[in-house]
Amino acid sequence: MQSQKKRVGGFVAENSGLIRDCYSILKLQDKKRISGGFVGQNNGSIAKSYAFCPTGSLKGGFLAANTGNIKDCFFFHNEAQNDRRFARLADTAMGRSLQKLRADEDFQTLGFDLERMWQRTGSIPPLGFTPENWRAAHEKDKAEATVFIGTARELLAFAGDVNAGDTDARSACVCLTADINLGGKEWTPIGTDRSRAFTGLFLGGGHTVSNFKIQNKGIDNKGFFGFFRGSLYDLTVDCLLGEGPCCGGIAAYNEGEIRCCAALVSVSNREGLVGGLVGVNEGEVTCSYAAGRLAAAPPPLIPILLGTGMLALLTVILVLVPWPWQNGDNATVFAPVPYDEDQVPISGDSSQQLTPRTDGNFVSFQFEREIDVNLDTGKCTFNFKNPGDSNHNIVVQLQFTDAQAIRVMGSTGRTSQEQQALEAMNGYSAETYRTIIAESGAIRPGYELSDLRLTEQPNGAVIPPGTYNAMVYLLFYDINTNNRAMLESQLPVEITVH
Amino acid sequence: MRILAVFGTQGNMDATLPAIREAFPQAELVPFIDPLLAVKHCLSQKTDSVVCDYTLRIMDGIQLIKSLQKQNSEVLPILIEYRDWHKKDARNLGIGYLERPVSAPALRQVYDQTMRSRLEEL
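Chains as they are written, first to last, in the numbering used here: chain P, 1 to 498; chain U, 1 to 122.
Calculated pairs, PhoX-like style, for lysine-lysine (alpha carbon to alpha carbon, straight line, at most 25 Å): (1) U:88 to U:70; (2) U:88 to P:140; (3) P:100 to P:71; (4) U:66 to U:40; (5) U:46 to U:66; (6) U:70 to U:40; (7) U:66 to P:71; (8) P:185 to P:217; (9) P:217 to P:32; (10) U:70 to P:71; (11) U:70 to U:87; (12) U:88 to U:66; (13) U:87 to P:140; (14) U:40 to P:71; (15) P:71 to U:87; (16) P:27 to P:71; (17) P:142 to U:87; (18) P:71 to U:88.
Listed next, with one range per pair, are the computed distances between beta-carbon atoms: (19) P:139 to U:120: 29 to 39 Å; (20) P:98 to U:14: 37 to 47 Å; (21) P:218 to U:108: 45 to 55 Å.
Just so you know, these hints were derived from the structure itself, not from any lab. Quick reminder that beta carbons are idealized off the backbone N, C-alpha and C, glycines included.
Okay, chain P solo, but in the shape it has when bound:
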């Protein structure tokens, strides 16, 4: 049996086609597969594109392996210039420190067209598309449309027709007429296999298809499209993808053309080829981006049996201000941290299900101060609630100081190279630097999350059974703009590991 090395890329896992003027801003957490911030394996051509993501577990900041052509492509980072972690990346020469890219001219020197295609945001992502030019479809394209889709029911019916082998549907000119929220439903990709691939023209009209998931293990190729061989313009998708041999937010396999599209994804996948926008690209992708999180899934879950006593609820209200460099109207809206797929609406007490406040920045939250960590399930039970009158999404991290991590786990969890690089930096102290041991996705106002997921440590370190002090660290994101609030909060907790 032929062994195949699995690839992961922030934008595309494997590329044999053409990619131009694209970017990815995904958080990649996968140390087992060959992963690149933008592309895992490139055998085609990529030009004028960039990646921005933490390089901690990556083989390459932009790409992991290359036999094709790369021109004017970079990965941007915020690390110190002498940081040793870059030495082990496969593509260190493609790295550019954002601290040195402060003006339009700096990016133009790199080959990015800031007159028409790109604009500097002064934020994250550092470059975005110029809104007035980020549109691929012509009016004459719309005039050719034969299928108009404006509701979830119409979209599901269309997908069903394509997958049933309806040749008219497969080659249709489709036009989305509204944003479509699929209400968290399981989605069957359009074109589940190559023989049923969509070959027509799909005009997204700048609309978003959101809130769907593909976690059915019976579906191999996970994406809004499974196999795609047509033309797709101006579509954004926002979704959750699970295990499967090939995953991509827009399409698992693309042999067509994709222009001016975006994928906001949260992927939990341990084995497959995974890309933020496309899994395997053999077609052409231009002016598109992927954002979100790609992570190896946690170990299989078993039912959790927990004692429910010792509830010590903590409620906090904070007034927040946005980061000063995220200038309101001009800040690019993107999903820095995807919604946690395990969150559920707060049940029971209707007072918790309030309307988000609009009078300034307001958050409140509550959780248990004693956290139960089950090593079998990989879950940390803490029953976190973000009441409905908050106007910020909250991301929760459970942290040890490095000193505590060394005492408990025998190491900080970083690889020896990462640790050496960190210790070489001025100001490193094991008492102030932190190791994340568990982390959530974004928790929306009006939602609760019962468990955090343990984070896989890069060096494989695990927490042994026992009771320890730790810190809960909270990050806040505005629900409308996704701007990260300047104030973060940390609170001491006790964790019991068993």
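Following the hints, position chain U against chain P.
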């Protein structure tokens, strides 16, 4: 008349070659996916015109046209893109510009305009 037709993908080539054939029925059409092979061809064969995608492998369409014109400044270039994103650059360089989908009359019109502009400059 020999026309090089250089495209980024087979799909674009399949969609565009019929329009070029219809617009220039007497021309010898030489299609390429690899732009370097197109440059190599131009070194050894007289070429009158090039019709190419903006998005190509290895280089973009404007770079290809510049490379071809280094070999032969007489080559009349036409660039194809989906939008008017590169129209200004093309105009400044005396390159004909067409947006997809390409039709034979539109291609012929752009070719004639570009030829006229060139003659006026002379």
